[in-house]
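Student: So the protein sequences, as listed, match chains A and B. Those letters in the first sequence? Residues 45 to 379, by my numbering. Those letters in the second sequence? Residues 20 to 705, by my numbering.
Treat the hints with care, as some may be off.
Here are the computed lysine-lysine pairs in the DSS-like style, where the Cα-Cα straight-line distance is at most 30 Å [stated by the list, open to error]:
no., chain 1, residue 1, chain 2, residue 2
1, B, K626, A, K231
2, B, K183, B, K158
3, B, K458, B, K469
4, A, K147, B, K259
5, A, K147, B, K158
What the simulated footprint calls covered on chain B by chain A, stretch by stretch (three residues with Cβ under 8 Å from a Cβ of chain A suffice, anywhere in the stretch; the number is not a length) [claimed, not checked]:
no., region
6, 128 to 137
7, 167 to 176
8, 290 to 301
9, 499 to 511
10, 658 to 667
Keep in mind that the hints were calculated from the coordinates and are not lab data. Treat the numbers as computed from the prediction; the structure is a model and nothing was measured. Ideal Cβ positions, reconstructed from N, Cα and C, are used throughout, including at glycine.
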Amino acid sequence: MTFVKRYLIPRLIQYFLVIFLGITAVFFIPRLTPSDPVSRTIAQLTAMGSFLDPASMDAFIEDLTEMYGLGGSMFQQYGAFWLRLFRGDFGVSFFQFPTPVSKLIGTALPWTASLLLVTTFLSWTIGNIVGGLAGYFSRRHWSRVLDTVAMIIRPLPYYIFAFALLVLLAYVIRWFPVSGGTDIGRKVAFNWPFIKDVLRHSFLPALSLVVLGAAVNFQTMKLIVQNVNAENFVQYAKLGGVKEERIVSRYVIRNALLPQVTGLALSFGQIFSGALITEIVFSYPGLGTLLYNAIITGDYNLIMGITLLSIVAITTAILIIDLLYPLVDPRVRYI
Amino acid sequence: MRKSILFSVSLLVVVSLIITACGATPTPQVVEKQVPVEVTKVVVETQVVQGAPVEVTRVVKEEVTKEIVVTATPVPVVKEKAPDVLGLPRNEMVIAGILTGRVGAPSNFNEWVGWKWRDRGMQNLANEPLWSVDFATGKIVNGLADGDPKYNADFTEMAIPLRKGVAWDDGTPFTSADVVFTVEELIKFEGLNAHNFMADNVASVSAPDDYTVKFVLKQANSRFHTTFLDRWGCTWIMPKHIFEKVEDPVTFEFNPFVGTGPYKLHSFDPNGYWTIWEKRADWDKSPTGILYGEPKPKYIVLQAFANEGAKILAQLTHQLDAVDLSAEGLKAALAQGKTNRGYQPGYPWVVNNDPALTGLTFNTFRAPYDNPDVRWALLLAIDIVEYEGQAVDGAGTLSPVHIPSLGSYPKDYIEPMQQWLSDFTLDLGNGETFKPYDKEAPQRLVQYVKDRGYSVSDDPAVVAQTFGLGWYKYAPDVAEKLLLKNGFSKDKDGKWLLPDGKFWKIEVITRSDMSHLEFKNGAAAVQQWKKFGIDAVQVPSDEISALTQTGDYDVSGAWPAQEPWGAGPDLYRSLDFYNSAYVEPIGTITKGHTSRWSSPEMDDVIKRLRETDPANTDQVIAIGIEGLKLAVEAMPGIPTFGYVGFVSWDQYYWTSWPGSENPYNEPYTHWGPFKYMTPFLEPTGN
């Protein structure tokens, strides 16, 4: 009961407050930029060859303002937004009018979620296991080789690294496709040919993310393990004749994992922001380009829809980690 | 430790060598020689069909001997295999890029509402307009219309004859009822793009018979029909039999798309990367089929790529037949691709007859750019050879006036204006004058290009066509006099100060895409003005449209004038954007040109042009020249060179693309007349 009163309830209030403030900020910030969806729509139409008769432009601007729900003051729009949100309605995309935001997110989300969930988990697991071992056995030859490889890979700009993979494996060796989430003409279906096709197209984007992500996790974990390894309690265990496997798994890795677990939770939360550069390099579908285009076109509703997901995901991930931390770290107690 | 470093370095070197070795291809060679060339020509003949004279277009092939430049991109000899698509042989299919990128609303084909990525195949394959502009031939192509519009004497009524024998791709005949329905629907529903234009202009629309449409206009408008003229978009005709069953055409997705073009929708990617179009079994019931015969490709795929590198890799692996690239991308594709070619077989390789004019635009509502002397001074501070060399490596066609130097425009306008341009004089103050025009500017550009090692013809006609008829002198001394005349001064470091003594800083706003010509013009201008002693900076921004429309800028890399039609001599489309009625104060979206420049004299030109029958060529040209002179005098934006298109064609599967040696059609796959190109493409047999 003390836990609920003294920790859980205040923490939940904080959780909802952060979400509320985050959404409020995302509502107002795009509206304070010079990007106005009506002028962007007009600019897009005229830039793309549509001739909008200047004499009829005022009426067209009025029509668009009304259709986009941008009439009234900013606070009236804010009130209407919350009413809509409570009904589960994100509204329609301005730039892809009249497609509902939920439909656009629904199409892109599975691609982003499946790619980033897998790659985040793999890069975290591989990086931490190998990094942990390399940290503990840091004087071994293989550990130094791995460290050097990670040192070379990690500073590489992601765009360059990903594009080099594309050139090597899609053009030079031609094992993988140059672009896209599926082959041209492939219809979405839950069958083996479709899944195989998706896996084939996802391999290079995933590889690029896993290799760089694992290198980051490797270096961080290696450093933490080296520090933990030098702690008195580890030295004491060694002197006390505790088996090395036990020291590695129970004494060193478990302690070193604590900050890494927090990092993993945050990484999962950030999945909903998409992987913009990955999507651009591999022409891969997902939320990253959807959000980027929404920002540059002033598509308020779409920005709101995606960032709302992201805010909720990150704050929820942090909340869950906070609540579960005592299970991972016995030193933490909410009493 | 040393061993591991050595191992890692060796690994890196080996990988780099593999990449380099595999990517290496022969250096492109440029050779001029006499070779026989088979040329496909389009011949228009009049034949009698069902007792009525019909204009029929026929294709003939001739072998002519002409001088061409051979690059290292000959017709393919190496057999390679690209992946089949849809389980069908790749060689029955053309794959082309979507210029406007990944489709944001893939399941929505309703192009009457908002922006719908029309170049994914709607405008260029599956739909036919009443008329199309083909800038390569300079002609208006009759699509669904069977001839020119017929106006009454005071331009308050207009009739359109429609083509017989056309059917929608679901088999329903196309008739005047479709056109009448479209216009009435546009008037009725506010969310449709053309609603306000139609509501403002059309009093009534009727169909006297199945193949004639008659409009009664609310006020005289001699250019009303141009709303149906496809120049990268127009008012399209709705299939009545589909839309009449729809309650709300604004939210209707129009999926599957039904059109009158030679291709119909096959399938599309829910993520917007590709759309597949299939040749209609009844292709002969499309205007394309009636005019030019059977399209050759069975399928056409329009595909988007999120980055240029992927486009180039796709072309090099024969997975992309036609695509627009950047200047650097085209060079890479031509250098690496064994079967690639540009629009021109030799230097400058690019499409240089696109009807758009690039340059710089001044915000004439913001000091000191509200002063024509300042605008002229900034022009004279530009060395156009250096400028164009930096921007496009000398590949653009110069234009001294506010229309591009291409098609019939040089003959109709720029040549007749040569004397006036030569006589045009600037007042420098203190009784001093200066004639800024320079007929030799193209020759200076030729010399630059030769110095760069490119091979160019010395034929004056070729030079004029490729590099233009003239531009302005590089005269920084004169620019200085103009500025001093207007109270500007220099500080001890030679930096320019405004008349109020403050430091002069010019912000040149451009798009952020470095390959875009707006960016390249802005970057070149900044270099020139810095050299002149002004603190100029480039401000790349994705908000350029909003900022220029609301007047929040000094100078922009945006087009200095509205693009003309690209066919016929009528400049109403360009000049009307300088109409004072469209100018809005700073902070409000302007309806005309973003320079916000206008003048009573230009208003008078626009009014007279509006009252002139566009078919009255002599009168249209005479008034147009008056308008161009006013624009040169005021210089609200600096015209530099015509739009340069970097088209790359892979000829591994398909050939007979409309290159510069045989420009039977406009060359882009994203423009409407791409469909008219399809009957002339030839499979290579690969």
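Student: It remains to establish, for every hint, whether it holds in the given structure.
Tutor: Each hint tested on the structure:
1. B:K626 <-> A:K231: violated, 55 Å
2. B:K183 <-> B:K158: holds, 21 Å
3. B:K458 <-> B:K469: holds, 19 Å
4. A:K147 <-> B:K259: holds, 28 Å
5. A:K147 <-> B:K158: violated, 43 Å
6. 128 to 137: holds (count 4)
7. 167 to 176: violated (count 0)
8. 290 to 301: Answer holds; 5 residues pass the 8 Å Cβ test.
9. 499 to 511: violated (count 0)
10. 658 to 667: violated (count 0)
Consistency note: the structure conflicts with the earlier hints numbered 1, 5, 7, 9, 10.
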